[in-house]
Structure formats: C-alpha cells, structure tokens
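Asks: What follows is the residue order along each chain.
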Amino acid sequence: KPIETSIRNKITQQLTPKYLDVINESPHHNVPAGSETHFKVVVVTEQFENKPLLQRHRMVNTILSDELENGVHALSIVAKTPQQWEESDKIVTPSPNCRGGFGK
Amino acid sequence: KKSKVVVFMKGVPDEPRCGFSNAVVQILKMHGVKYDAHNVLEDDNLRNDIKEYSNWPTIPQVFINGEFVGGCDILIQMHRNGDLIEELKKIGIISELLKTEQAKDKSSEK
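Chains as they are written, first to last, in the numbering used here: chain R, 3 to 106; chain Y, 3 to 112.
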C-alpha cells in the first residue's frame, strides 16, 4: 500500500496529528482490486486552530499534491481541532457511493 | 461569474456521475438554490483550468458570488452547521430550509 503509507507519513510529519486515519475507499469504486485511487483522511491537529475549513483543506491538499497529481482521484477530508474532535461523536461517515463516473 | 452560484461537477444535475457531485446537487436542491452547473467530463480543458483557477485539486467545486467555497466535504459541513443558509442570505437567496423553519415558527406562535 505505497500511496496509503506515503499519505500517512506526510501528514504525520507535517501536521503532527493527535489523531489520523487514512481510509482507502477505492474498493467502493469501479477500479481494479488493490487500487489506491479514492481516499478519506481524518486529521485532528492543533495546527487547524483558528483556521477556517477551507484553509484546513488547502493545507491537506498541498501536503498531498503529489499524490493528487499521480493517481489519487478522490480525496475526502475531515479536518478538526482536538477540541472539535472531542466534542464530536467521532463517527466518520463513509463517502458517497460511486456513480460510475470514474475515469471519464 | 454570471450566476450567483456556480458548480463544476461530474455529469449534470439530473444525472451526476460521481457521488461527491451528487451530494452537492442534493444539498443545493434542498435549499432550493438555482445555479449554473458545468460538466467537467465534457471538457478536459475546463477540468484542468478550474483546478488551476481555484488552486483546488478535486471536483466538485462550488462558487458563491464568484468566490470559491470548497468541495463536497465543505459544502456538507456548511449545510450541517447552518453556514450555507447564512452565505446564501448574503447574496439575496433565501434558502427553502429557512423558509420552512420560519413557517414552522409562525404556526407555533399562534
């Protein structure tokens, strides 16, 4: 799982997350088995404090720009501060189902 | 920038070709928002240009009043926490959800 590992490593290094989950959702989509095309990342870090959601997502997108340019086609992001995470139900809902549009 | 709400998506509102695009379509429908939709699957240049323009790597992309708002995750979040209603109000669109709520309030006052 080279891409999943790389996503995990980069976010760990650059955002020092209190909690991190990298979920490969590719099996839900119309791609070959073992693909690494669709991901969801859950990042909880103090670095998101006082930053609007758009900026938090941009931080993650920037860290993963190589992956997004090279094969990762969908990236769903949950970006919370430790306090928001504690206050939340900590249930991460799966991404919407595929509608067959992959690849074109 | 011709419409107040513009969406770049995969497919068209009546037939979204991606779950993320569909989520955006369904949210805007709930709020009764009229918008311009552009199908990036029809046009590779558009698909690349819009990613560059907004400095955002994925589709769908939502613009309100010419401002990039975000993708599907952000729109869902704004829908849940009420920010979307506020943003729409700023540009003179009263969300259907707000109308329903106000109607309820009125009937409970009586």
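Since the hints were made in silico from the structure, they are not lab data.
Ideal Cβ positions, reconstructed from N, Cα and C, are used throughout, including at glycine.
Each hint should be verified, as a subset may be incorrect.
What the hints assert, rightly or not - With a straight-line cut-off of 27 angstroms between C-alpha atoms, the simulated DSS-like cross-links for lysine-lysine are:
{"hint": "1", "chain 1": "Y", "residue 1": "K53", "chain 2": "Y", "residue 2": "K108"}
{"hint": "2", "chain 1": "R", "residue 1": "K42", "chain 2": "R", "residue 2": "K12"}
{"hint": "3", "chain 1": "R", "residue 1": "K53", "chain 2": "Y", "residue 2": "K91"}
{"hint": "4", "chain 1": "R", "residue 1": "K53", "chain 2": "Y", "residue 2": "K106"}
{"hint": "5", "chain 1": "R", "residue 1": "K42", "chain 2": "Y", "residue 2": "K31"}
As the list claims (entries may be wrong) - Okay, the calculated bits of chain Y under chain R, using three or more residues with CB under 8 angstroms as the criterion:
{"hint": "6", "stretch": "31 to 45"}
{"hint": "7", "stretch": "57 to 63"}
{"hint": "8", "stretch": "66 to 79"}
{"hint": "9", "stretch": "86 to 92"}
Asks: Next step is simple, just say for each hint if it's right about the structure.
Replies: Consistency of the hints with the structure:
Distance hint between Y:K53 and Y:K108 is unfulfilled; the C-alpha atoms sit about 44 angstroms from each other, more than 27 angstroms. Of the supplied pair hints, the one linking R:K42 and R:K12 holds, its CA atoms being roughly 15 angstroms apart against a limit of 27 angstroms. Between R:K53 and Y:K91 the CA atoms are separated by roughly 23 angstroms; this keeps the pair inside 27 angstroms, and the hint holds. This hinted pair does not check out: R:K53 and Y:K106 have alpha carbons roughly 35 angstroms apart, beyond 27 angstroms.
Between R:K42 and Y:K31 the CA atoms are separated by roughly 25 angstroms; this keeps the pair inside 27 angstroms, and the hint holds. With a threshold of 8 angstroms between beta carbons, the proposed coverage of the stretch 31 to 45 of chain Y by chain R is violated, since 1 of its residues qualify and at least three are required. Coverage of the stretch 57 to 63 of chain Y by chain R holds. Counting CB-CB distances below 8 angstroms, 4 residues qualify, and the rule asks for three or more. Counting residues of the stretch 66 to 79 of chain Y whose C-beta sits closer than 8 angstroms to any C-beta of chain R gives 8, which meets the bar of three, so the coverage hint holds.
For the stretch 86 to 92 of chain Y, the stated coverage by chain R is violated: 0 residues have a C-beta nearer than 8 angstroms to a C-beta of that chain, whereas at least 3 were required.
Violated hints for the displayed structure, listed by number in ascending order: 1, 4, 6 and 9.
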